[in-house]
Each structure stands twice: as structure tokens, then as C-alpha cells.
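Protein chains: 2
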Amino acid sequence: MPNASKVTFSDLRSFNARCLMSCGMPQSDAEKAAQLIAQADVMGQDGHGVFRLPMYIKRIRSGGMNMTPNFKVLSDRPATALIDGDNGLGHLVMQHATELAMEKARTTGVAWVGARHSNHAGPASLYAMMPARENMIGLYLAVGSANHMPPWGGTDMLLSTNPISVALPSQDFPHIVLDMATTVAAYGKVKTAAQRGEQMPEGWMIDRNGNPLTDPARSSEGFLLPIGGAKGYGLSLIFGILAGVLNGAAFGKDVVDFNADAASVTNTGHVIMALDIAAFADPAEFRRNIDDVWRQMKSSGHLPGVDEIRLPGERLDRTTRERSEYGIPIPAQLREKLSNLAEELGVEPLT
Amino acid sequence: MPNASKVTFSDLRSFNARCLMSCGMPQSDAEKAAQLIAQADVMGQDGHGVFRLPMYIKRIRSGGMNMTPNFKVLSDRPATALIDGDNGLGHLVMQHATELAMEKARTTGVAWVGARHSNHAGPASLYAMMPARENMIGLYLAVGSANHMPPWGGTDMLLSTNPISVALPSQDFPHIVLDMATTVAAYGKVKTAAQRGEQMPEGWMIDRNGNPLTDPARSSEGFLLPIGGAKGYGLSLIFGILAGVLNGAAFGKDVVDFNADAASVTNTGHVIMALDIAAFADPAEFRRNIDDVWRQMKSSGHLPGVDEIRLPGERLDRTTRERSEYGIPIPAQLREKLSNLAEELGVEPLT
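Line by line, the protein sequences give chains A and B. For the first sequence, the positions run 0 to 350 when numbering that gives the first Met the number 0 is used. For the second sequence, the positions run 0 to 350 when numbering that gives the first Met the number 0 is used.
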């Protein structure tokens, strides 16, 4: 990556923590959140790591987020819980929810924990991967933090890119980790194309007349397209209901555009499910079977021009290993933003 | 539908039961299966109802299915179970699994029941809708009964159309019911196009060189495409692992093509999840909130040329009401097949 100097995970984590503590987040919470935000960068989820920190800080300083949330369990069953995040940072709410789901699933076999009154929590795979480290399967759903898509055939933006992530542990190969928006392109890709002055391929967006929209500078005149047409619309709708409506969190017209409005409570909803592999199979044997899935897929013949079959989670794993060893690239533009942020907050800059 | 005479639900159910009983299925099982097969037709899932009966009968008569299965619970936790279907008809295995999941979820809040050694079970929505009738949310996944898709970029058909269905209860509007293959087109649509001598649109299939394949008569030379490219491949892979690998059921190269081979044990895998709404919200309020989702989506502006915004489950509901009142259309070609089947089995034909 040109113009991108590198930082270590540990330096990035410390910087995140300094910034959050300077805004009044208690040290233990700031360290937890800082770890998860830096983890997103190590994983290669560049649009969901420290890139978002200035936005989180802006929201905190606008009074749009609670620095000392008191998580409440609103409803509790042996295998389910509904958590009120008390408008805390999503990372803290969802780490808590995921730990609870894993604890329950160890006994019951599966657990489903929903959250309301949360906020943006970074990449979906961050939470789906937590159970996968302990011989469980993780599944995470969320209502996206801004609506970018109408129902199929419509023009009112009532839906978000509502993502799904599922993580499955393997033995010798990387974990299989699916982490995808239900739209063809995530909105971050549109923003990146705009920054770079590049055109978008047809199929990412259409305008209000249904024509392809390929100029990212005109993105406000159109909307994202779902994968598979009506099917992706259906997935976005269902995931949004499970993560939003069921939890009493925002959905549809109630979703606050967190880019445009840093002060209103977002009432973001998420769900984590943990499924204990031991309730179905010997975990070691299951992990070996996932290795066999890798081998089967990898050994498929290739279409002309394709040099390798990839599995979901493969790039994430490679990036994680590379960045853990050689550091995390921070593009010049982002570094400047983070320097300004440090100055604004009066904390030591990222070195 | 031209050349399609109609039958009542009750006549169709009786016919299904007669055929199954004539092959040695005990009466109570035959009646359950007959009901579910006819239900698929009432719902408008024409490719998954009585259309499949000749194939089931062929498998039964080839010794490829067990008429007196003894379902075993291989593993049991408060919120999970793994069932061995003993090579019984999938409808019976999955009705049993769904009832067990609902019973568990009433206490634990959520339950996840997997099955191995099952067979084709008809449409996914049949099972997802069972919890929805009792203030629960249903989610069903399955490994499809033949591989039609390679991993993304590949040429070896290692994956199926692995479907997902999710059903959410509403109050005054129809239940929201998503029921979709992870491929752009289900394989049944290719067969239908071939029967009608029609071309397929680009995007359904490609050939082994990666070029669009639009002639359904050449379908054996290519494969189905996943929705959203690599994303749909990821969904098919994940759903297949959850329904297949985790349950010790067939996946990848072990999947038996049930169209081509009527004698080998398929070891089909499925999963049903039941989520008790009362563990998260007042069910009546949740159902009213789903009504509000309907109203929001329906009131969106339309793209030019679109006359109405639809929600998943809308056509299913309308078809169910129409066919319950006016009967189920049976195309002439299918009626002839069913007449031949009746004669072969020595049972009274469908009237």
C-alpha cells in the first residue's frame, strides 16, 4: 500500500485506549474496546477499525454515546438473553453478549443473545470468531448503521447492508469465516471509490430511475443493490428483523444515519448465536472435517483465468498473520486524521 | 395455467397417502407425509410437492429409503439435539425434528435440532413455518439433494443450492417467509425451461469455460451460479456445513445425486432452529411490529415500471388462499405421470 506507514498492533491498541480514556471512558472498558478496534485492523477490516475511531469520538463528544453504560439483562432464559446496552459502544455491548452466549451454550448446546440500545460494533466477524476459538460456531447479525437500500423495486431507503458473519473452527487450515453485507458492495467501498476518483462497476448501485449508477460522487442520488436481487433484499429484511425488531432496536425508518447525525441515540441492534460443537460431534473430529472441506474446495478444477480457489476467511487469516508480524498499514490520509484527533484530544499521537 | 386441471387439497393428500401406503409405509406416517407433500403444492412450491412423489416412490421401490425408520436421538442437550433419521422420508424426519425444537425452545428460548440420514423433505419453508404458527421464529437449512455448483472460480460441482428459509409471524399481514436457494436459479427452474423449450437468462448458469450458458438443453455442460458471486458461494458453503458436516450428514463429494441414483443412501442433512419470541418481546406486540414492517416496505416509492413492493411470503400466502379455495392446478404432463404411477402401484388414481 503506497503512502501507508505501519504501526504495531500494540501501538495502535494503546492509541485507541488513550483516545477513548481522554473522553471519559473508564480504563478497563477503554482497553477492551481498544483491543477490539485494533483487532479489526489486524484482520484487514480496514473500514471497521481505527478508521471509525474519529467517528466514535465525535459521537461521544456530541453526547450521542454513554461512556459509563450499565448493561441490563431485560429477559433471560436458559439459552437466550436480551441485553440493553444502555447506549454504550457496540464493541463493549457485543463482547459482553458473546461471552454470555458462550457461557449459556456450554450447557444448553446453543444460545442466542440479542442486544438493543447498542452502537456500531466494528466488523461482524470480530464476534462470530470468539465462539470459534472455543470449539463453538459463532453467528452474528446486525442492523447496519445507516440505510442505503430500498425494498426490492422501491426507492425509499428503508434497509441497511445488514451483515451476517459465521465462523467455523478448523484444525490445520484457517477457520472458515464468512463476513458479508447483503448488498453487492458495502457502502465503505463506494466511499473508497469516491476518494480515489474511480468509477464503480455496474451492479453496485442504481439511481432513482433504476439506471446503473457508476459515478461514486453521485452516490447520494441512488442506492446500493442487494445480492441476487429480491433474494438479498429478503436476507437484509430478515437479518434486520432478527437483530432489530425482535430486540426492540431500530429498524426501517427508525434507523439513525450515524454518519450524518452524531448526537441522536442510534438504538443499534445486534445478535450473536453460539453453537457448541460438542453437542453434535467430537470437536476435534469436526475440525478435521472442516480441514477436509478446505481440501475438497481447494482441489477443484479452475475456470480459465482463475489461479486459486479461495474459502471465506482465507484472506482474513493471511492478513492477520502478515500484520501481526510486519505491522498494520495506516494510509497517509487516515494518519493525518488520527494526528488531528490526538491533538484535539490532547493525547500522545500514534507513533 | 393452461392444460392444468385442478384437484382439492384433500384429494391430493389422499392420493399421496395411497401411493405411500401401497409401498409399505405405515398408515400414520403415510398420512403425515401425504399432508406435508400436499401442503407444498397448496403453498405454490410446485417443484417440491407431488411433482416429487414419483421420485420418492422410485427410491422406495429401489430400496433407497427405509419405510419403517426408527428415529434415534444421538445427542441431547437442553436446547439442542442430533437426530438420526434412519434413512426415512425427510418430511417425517424434519416434522419430528421441528416438533422437538419447538418443545425445547418453549423452555430454553431457542433450540437447534440437526438431522442426519434423512432424505429430501420438500420445500424449506414447510418447516420454518411450523414454529411461526406458535409465536416462534423458524429457521431451516439443508444440504441440497444434488451438487450443481462449484466453489467460486472452480469447475468441480461440490456444492448444492443449499437453501435457507426463515419464517416470522405477523398479526394482520401474512407471515414473512423467506425461502431461497443460494444460487441465482434453483435447478428446478432450469428443468422447467428445458421442458418448455425456453432459453435461460444470462446469469443463471455458466459453462466450464466461464461463458454464459443459456440453452437449458446444455445444462449438463455447466453449473449454476451463486447469488452475489463469492458471497452466495460462501452462504452455500456455510449452510451446507451447518446442515451437513456438523450433523455427520453428506456434504461435498459425498452428496448423492438423488435424480441420478435412486438406490444409494443419501444421508441428507437438515437443521431446524426455533426461537421463542416471548424470550425477547411480547409476542402480540412483535406481530404488530411485523405488520408495521409490511406497511413501511409497502409504502415505499416505486422504481419506474414496478407496480408494487412485495415482501417474502406474500405470494406464498396468496397462492395458499387461492388454492385452498379453488384447488391446486396439476399440469397435464404431471397428471399423466401420476396416472402412470397409480397404475404401477395399483392404487386409485388422482381424481
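Fair warning: there could be bad hints in the mix.
Identical copies go unnamed one by one, so any copy, or any two together, can satisfy a pair.
Stated by the list, open to error - Heads up, simulated SDA-like pairs for lysine to any residue below, C-alpha to C-alpha not over 20 Å straight-line:
id : residue 1 : residue 2
1  : Lys252    : Asn69
2  : Lys252    : Gln295
3  : Lys57     : Glu321
4  : Lys297    : Gly152
In case anyone wonders, no lab produced these hints; they're calculated from the structure.
Now the hints, each set against the structure:
Proximity of Lys252 and Asn69 under a CA criterion of 20 Å is satisfied in neither setting, with 27 Å inside one chain copy and 50 Å between copies. Taking the closest pair of Cα atoms, Lys252 and Gln295 come within 20 Å of each other only across two copies (8 Å); inside a single copy the shortest separation is 44 Å, beyond that limit. Taking the shortest Cα distances, Lys57 and Glu321 never come within 20 Å of each other, neither inside one copy (31 Å) nor across copies (55 Å). For the homomeric pair Lys297 and Gly152, the shortest alpha-carbon distance between copies (10 Å) is at most 20 Å, but the shortest distance inside one copy (38 Å) is not.
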